[in-house]
Amino acid sequence: MLKRHGLFARAAGIALAAALLAGCAAGGQDQAPQAADTAPAQAPAATEQGGGDAPAEAVDEVLIGLLGPWTGAVAQFGVAKRNGAMLYIDQFNARGGLQIRTVDFDEEGDPANAIVGYHWLFDQGINALIGSVTSAPTMAVVPEAFADNMPMITATSTHANVTVDAATGNVWTNMFRSCFIDPFQGTKMAEFAVEVLGAQTAAILFSNEIDYSIGLTDAFTVRAGELGLEIVAVEVFANEAMDYVGQLTNIAAANPDVLFIPAYHQHIALIGPQSVAAGLDTVMLGADGWGAALEAIADPSSIEGSFYLTGFTVEDESPLVQNFINDFVAEFGHQPNMFAAQAYDAAMILINAIEMALADGFVPDTDEFKSSIIAHMAATDIQGVTGHITFDQYNNPQKTAFIIQIVDGEARFWGTF
Amino acid sequence: MLFVSQLINGLQLGSIYALVALGYSMVYGIIKLLNFAHGDIIMVGGYIALFTLTFGQHPLIAAALTVAGCTVLAIVIEKLAYTPLRFAPRLSLLITAIGVSILLQNLAQYFFSATGRSFPGHLLLPQGGIALGSVQVAYTSIITILTSLISMVILTILVRRTRLGKAMRAVSEDQDAARLMGINVNSVITFTFAVGAALAGIGALMYSVRYPLMFPTMGAMLGLKAFVAAVFGGIGSIPGAMLGGYAIGMLEVLVTAVGLSGWVDGVVFMVLICVLMVRPTGIMGRSIMEKV
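Residue numbers (my numbering), protein chains in the order written: chain A, 742 to 1158; chain B, 6 to 297.
Just so you know, the hints here were simulated from the structure itself, not pulled from any lab data. Errors might be hidden in some of the hints.
As the list claims (entries may be wrong) - Here chain A is said to cover these stretches of chain B; the calculated rule only asks that three of the stretch's residues, wherever they fall, bring their Cβ under 8 Å from a Cβ of chain A:
(1) 83–91
(2) 110–124
(3) 150–161
(4) 179–191
What the hints assert, rightly or not - One-sided and incomplete, this derived list gives chain B residues near chain A with beta-carbon spacing under 8 Å:
(5) Gln62
(6) Ala73
(7) His127
(8) Ser139
(9) Gln141
(10) Ser146
(11) Val258
(12) Ala262
Since this is a predicted model, take the numbers as computed values, not measurements. By construction, the Cβ of each residue, glycine as well, lies at the ideal position given by its N, Cα and C atoms.
Based on the provided sequences and hints, a complete structural model is requested.
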């Protein structure tokens, strides 16, 4: 008997079983949405702000709703958004005249809870809604809000189907957003490569396991084709991959003018140093996933000279942005991030439309008033802290992006593009 | 030119796998234990190197501390977890090894947090490289390949030419007979663990330079890959582990080079399955008939 063989096969079996179990456990956690029936008990966590001593006018106040996760796993996005939106609303109210009153609801990042929250807010008599924060709750609420003709704007939901009905392809005409959608970034970086860097050839290193990465890659490829930017190499990596040297060596052999890497900062921490080992010497381009790359990477010299795009930077020296930052720091004690800035702009877009609807003579709490807000939001042409914003036919913002370059191991604001 | 570059990539990766696979193979050879905590010893080594380098130690001191730390850790694990089970069924030992692996991962998560930390590889090895003709070869690749080759030569001399090496071979042949011949079996086993862990320490340094991201579970996949390498070469066989390491490293790079990088892990474990089905003793393994 080959006893050794028997023991060994058993051992290998146990190892594989352990790995499988670990995989199942990790997968199971993802798909355990919180029971929605606990929501009504928490619902009246709403606060009312503003109001008070408004001057007497025909219409002196308008009620709007805020929806987002103030607690739970994605609370950091929700709180940032609420802070940004409330800052604009408080500043607006401080000017006197029209007062915007708010009522808010904590949906904890859960789509079912978000629907409960929307109906509760609707019952409070809101005229418009800022929310939600992550894409799934927003997409859950949109059809309901559409049926109610409710003006709605999100600051942070980047999924393509937030403003478009996935089933029919129809646009949710009541739904707007102040953030980039994912593919927009790929388009922008292709344009940047050609128009600013004068690139003739490009390579792409992306993960086919990350929707974000796929979306950016597709958009980059399409725009590159239109602009005559030749894609000389496309390499793929797994989300959890450690080794990129093989792919980077292939890319180095193709010798592209630029390398587009739509990935997150933890990937860049590995790709950067390995690009040196692979002998790659080309300009790397990224997107907003690179945001924390410098904190993640020990030796920033390996990504020196790279460019990436972001929706907001505190280094923009225009007075509008600097005032926003100063006020935000004074109010909350820390620098605003991209989400807070986008929420500030979302509130600005919405309130601007509310003012115009009032100027047209519509009365709050009527259906005509809401329709007018929606029409004015669609015609937005406004300078926000995250850039100049207009909306395309899908209610996605067309705006300038902020380009960051790694110079001397620091993220420097290169300019808007 | 591309081929030569990828060849060097494969050799570098293979060197790391070979160093780790040797630890697996030696321990299996001597007490028939698949030491699944081996990959996690590398993780601990990576963190030791990270902290010593971050605190501004000289690279050589950091390297020495890493190797010493791995060795001490392996001896402690062997004494606390494996020695009490010397005469227990093999399966108990294996389960204990998996337990030690989980313990190390969770301790690391507790003390170092689950967040990845970037490894300052540029403080350990010189950056840049030299041009061999039209091929750019990084210093890190050259140093990794040479270090692992030197380590393996020293190991071979140790096992083949010294009394301690002879004792190791004797214990792996037959523990009871070795004990009757006056060999201190316990200290030989401890020594084997220590040598395997020292090689793992060197592997940890090389791995951290190539993959400069430290996190508590980083050793798990590396350990499994090295395990596949050891099986492929013939577990228990020292030259087999070296050969298996290089073979798996080259295979991974080859799979990536032809554009199937998403399939790398799948192909490696496919190799494990094929070897177990077709030739369970591996390329250089011997099948030992057990007499009743």
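Compare the structure with the hints numbered earlier in the document and write down the numbers of the violated ones, lowest to highest. As far as the earlier hints go, 1, 3, 4, 5, 6 and 8 are violated by this structure, in ascending order.
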